[in-house]
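Chains A and B, in that order, are what the protein sequence lines are. Numbered according to this note's numbering, the first sequence spans residues 1 to 445. Numbered according to this note's numbering, the second sequence spans residues 446 to 749.
Calculated directly from the structure, the hints in this document are not laboratory data. Model, not experiment: these values are computed from the prediction.
Going by beta-carbon spacing under 10 Å, a handful of chain A positions derived as facing chain B:
{"hint": "1", "residue": "5"}
{"hint": "2", "residue": "6"}
{"hint": "3", "residue": "7"}
{"hint": "4", "residue": "9"}
{"hint": "5", "residue": "10"}
{"hint": "6", "residue": "247"}
{"hint": "7", "residue": "248"}
{"hint": "8", "residue": "250"}
{"hint": "9", "residue": "251"}
{"hint": "10", "residue": "257"}
{"hint": "11", "residue": "260"}
{"hint": "12", "residue": "261"}
{"hint": "13", "residue": "262"}
{"hint": "14", "residue": "423"}
The calculated lysine to any residue pairs, modelled on SDA-like cross-linking and capped at a C-alpha distance of 25 Å, are:
{"hint": "15", "chain 1": "B", "residue 1": "535", "chain 2": "A", "residue 2": "343"}
{"hint": "16", "chain 1": "B", "residue 1": "579", "chain 2": "A", "residue 2": "13"}
{"hint": "17", "chain 1": "B", "residue 1": "684", "chain 2": "B", "residue 2": "715"}
{"hint": "18", "chain 1": "B", "residue 1": "538", "chain 2": "A", "residue 2": "280"}
{"hint": "19", "chain 1": "A", "residue 1": "2", "chain 2": "B", "residue 2": "557"}
{"hint": "20", "chain 1": "B", "residue 1": "450", "chain 2": "B", "residue 2": "646"}
{"hint": "21", "chain 1": "A", "residue 1": "2", "chain 2": "B", "residue 2": "551"}
{"hint": "22", "chain 1": "A", "residue 1": "9", "chain 2": "B", "residue 2": "554"}
{"hint": "23", "chain 1": "A", "residue 1": "2", "chain 2": "B", "residue 2": "590"}
{"hint": "24", "chain 1": "B", "residue 1": "535", "chain 2": "A", "residue 2": "21"}
{"hint": "25", "chain 1": "A", "residue 1": "9", "chain 2": "B", "residue 2": "580"}
Pair by pair, the computed Cβ-Cβ distance ranges are:
{"hint": "26", "chain 1": "B", "residue 1": "663", "chain 2": "A", "residue 2": "16", "range": "46 to 56 Å"}
{"hint": "27", "chain 1": "A", "residue 1": "338", "chain 2": "B", "residue 2": "579", "range": "11 to 21 Å"}
{"hint": "28", "chain 1": "B", "residue 1": "630", "chain 2": "A", "residue 2": "264", "range": "32 to 42 Å"}
{"hint": "29", "chain 1": "B", "residue 1": "694", "chain 2": "A", "residue 2": "443", "range": "51 to 61 Å"}
{"hint": "30", "chain 1": "B", "residue 1": "733", "chain 2": "A", "residue 2": "443", "range": "50 to 60 Å"}
Note that the Cβ used here is the ideal one computed from N, Cα and C, for glycine as well.
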Amino acid sequence: MKKLFAVVKREYVQRVRTKFFVIATILGPVLMAAFTVVPALMFGIRAGGPTRLAVIDETGRMYARVAREINSQQAEEEESPEQQPQQPPAGLNSDPKQRAEQAGKAMQSSIAVEQAMIGNRSVDDIKKELDARVQRKELDGYIVLPASLLQKGAPEFHARNTADVFTKGQVQNAIYRAVRSERLVDSKVDEQLIRRASEPVRLRTFAAGDRRESKGESSFFLVFGIGLLIYMSVLLYGQFVLGAVIEEKETRIAEILFSSMRSFPLMMGKLIGVSLVALTQLSIWALTFIGISIWAAGTSISVPKISPIILMYFVIYFLMGYFIYATVYAVVGSMVTTTQEGGQLALPVVLMLVAGFYLSFSIIRAPSSSLAFWASMFPFFAPITMLVRIVTETPPLWQILLSLGIGVVTATGLIWLASRIYRVGMLMYGKKATIPEVMRWVRQS
Amino acid sequence: MDESKATLVVDHVTKSFGDFTAVNDLSLQVKPGRVFGLIGPNGAGKTTTIRMIVNITAPDSGRIELLGQPMTTAMQDRIGYLPEERGLYKRMKVGEQLRFFAELKNVNGKEADARIDKWLTKLQLQEWKEKRTKDLSKGMQQKVQFITSVIHDPDLLILDEPFSGLDPVNVDVMKETILELRSKNKTIILSTHQMEIAEKLCDDVCMIHRSRKVFDGRLREIRRSFSRNAVSVRFEGTKELLNDPEVVTNIREVGEDFEVLLAPGANPQTLLKRLVDSGVVISKFELVEPSLHDIFVAKVKEAE
Chain A
1 MKKLFAVVKR
11 EYVQRVRTKF
21 FVIATILGPV
31 LMAAFTVVPA
41 LMFGIRAGGP
51 TRLAVIDETG
61 RMYARVAREI
71 NSQQAEEEES
81 PEQQPQQPPA
91 GLNSDPKQRA
101 EQAGKAMQSS
111 IAVEQAMIGN
121 RSVDDIKKEL
131 DARVQRKELD
141 GYIVLPASLL
151 QKGAPEFHAR
161 NTADVFTKGQ
171 VQNAIYRAVR
181 SERLVDSKVD
191 EQLIRRASEP
201 VRLRTFAAGD
211 RRESKGESSF
221 FLVFGIGLLI
231 YMSVLLYGQF
241 VLGAVIEEKE
251 TRIAEILFSS
261 MRSFPLMMGK
271 LIGVSLVALT
281 QLSIWALTFI
291 GISIWAAGTS
301 ISVPKISPII
311 LMYFVIYFLM
321 GYFIYATVYA
331 VVGSMVTTTQ
341 EGGQLALPVV
351 LMLVAGFYLS
361 FSIIRAPSSS
371 LAFWASMFPF
381 FAPITMLVRI
391 VTETPPLWQI
401 LLSLGIGVVT
411 ATGLIWLASR
421 IYRVGMLMYG
431 KKATIPEVMR
441 WVRQS
Chain B
446 MDESKATLVV
456 DHVTKSFGDF
466 TAVNDLSLQV
476 KPGRVFGLIG
486 PNGAGKTTTI
496 RMIVNITAPD
506 SGRIELLGQP
516 MTTAMQDRIG
526 YLPEERGLYK
536 RMKVGEQLRF
546 FAELKNVNGK
556 EADARIDKWL
566 TKLQLQEWKE
576 KRTKDLSKGM
586 QQKVQFITSV
596 IHDPDLLILD
606 EPFSGLDPVN
616 VDVMKETILE
626 LRSKNKTIIL
636 STHQMEIAEK
646 LCDDVCMIHR
656 SRKVFDGRLR
666 EIRRSFSRNA
676 VSVRFEGTKE
686 LLNDPEVVTN
696 IREVGEDFEV
706 LLAPGANPQT
716 LLKRLVDSGV
726 VISKFELVEP
736 SLHDIFVAKV
746 KEAE
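In isolation and in its complexed conformation, chain A is listed as follows (with noise of 0.2 Å):
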């Protein structure tokens, strides 16, 4: 035992020490935020200004009605989710005036239209001045409305950058409102009554049997963001045992190793070890987390809610799914020659877990389905889709403890065979063994 604490000891300090587990624990959760928040952002931020679009209007009359749905079309989608239960929602955009006002700013900062003049040139002259303001960056793109715009005709549009499918889409969606709103005066429909029947729905979203408005894309966040913390810091800590085993195989220290201790608390120190550093590094976030919860309290920033009994959860996922991929990767460790050579037999276990991963996705969609449930079974996706089914629907506790009794047993028995591999292959200098050679090593020791 005193040696086992030896391992341990060793691993955690000589680790914990060092320039990269400080930086690692302070650029993480910046690291994390960026992963989940900035892919978002991307596809929300358009560089470079607004998109500057003319309209040639040819039926005459639906400039207008087109620049005003393009406006008030960014005007919703400037709305952001969390702004809205704050808004009594029977009065939600009521006042025309904060509704001109939101539109003017995402002019300012999306599309803005012109309208082109057509005078007595023809459609094609005018095209292709515009072409040439296109060219010289003047313009981004026009868009044509046939004379026949509200009949069957198609109307066109031309855009240096046909790939923003985001533009195409809110010019269509723009135009398609437009029209539809011009067919309705032409029937004879009051415009005011067309305004109110297009008035969206918000719909409000309450987790069954809580009186309090759920926020579901933060807990899709939360959801999302604590599959990405698990995957990473299990992908990452492996990777650690991964290179200790090497180290010890390449310097030969293994020798040394084995010349003082058994190779099962050798393997099982380390193991230990390397988590405690892991432990260590997800204690701080976490305490960091609640103290920016605590403090955030009091100002009117949302924070999302964990319950302590989904960080507990969080851990005892985290060991199992660390203790299951580490086993892995210290005997892949032992087998290797070289760190690259290791990469490359770990990649199935790493897809393992990336499966894991995105299996997580149609598990948030489905949390209580055939599907869920068995995945949240094999254990080695348990730590990733069991985590994720708990905070999103919690399954009956027989479940979670029998995913657990599983995890354990796999486990168990991964490190049992591992330290029978480990020993020889350790020992194995120069080569790389092959996979029958390793079942050999499992039957003859």
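Knowing the structure of chain A, use the given hints to seat chain B on it.
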């Protein structure tokens, strides 16, 4: 030999890897307070033998006993081992590194610290205690590695090629340390393929060639019993003068000297007379004991 007095008994031990037999029916006994040379060319089976002694691998058949008890994990603490392939944690500080290896051998607390300081001082490494191992020269790392093998004051110390990579000054320091340990009645196994080193340090030797023991015993007795005489001569003339198949079996040039192996039963006087008669100026004519290398070569030839 009386087994009960031996520090280590290896009894008819065999170890194979697949089709390859690394150690074949090896028996040897190592007595306390002596330096035991395990010698043989590279790949002879020395390292495999040592690994079985330190309980890293188990023999397929045969028996290994340390201090009268079968080898177990607990007995590992009585052995110090300096492997041929040196290994230290590159990023650890020297002091911490030694502390870790001491703890692995169940030496803890103040006792460990005291021993670390004693050894660092002895090998002139005290000022490097707080330095990272990778900042040390190769020779210094080797001395650190040596300390890890003696920090727990083992009864049996196994040194696999302890002098490789050391400069002459440190080779002397290492030799002195080994002899000092011997004087404290510790048992030392010295594994090497360098016969000259074994010749100077060892009390007993065991020679292994192609997984088998070629011979073993006290070095002095082996030399004495090796019946052939060898002569080292220096004279102003050519090698042809020595050619006489009835007297000489082998001639080896060593610098300006010729080392001449005499035929069995031949008298060195016959050779001297022959040289004197030829009229050359003789500056050296010395009877020498056969070198370990010569014995090894002869024995291997005999065995084949």
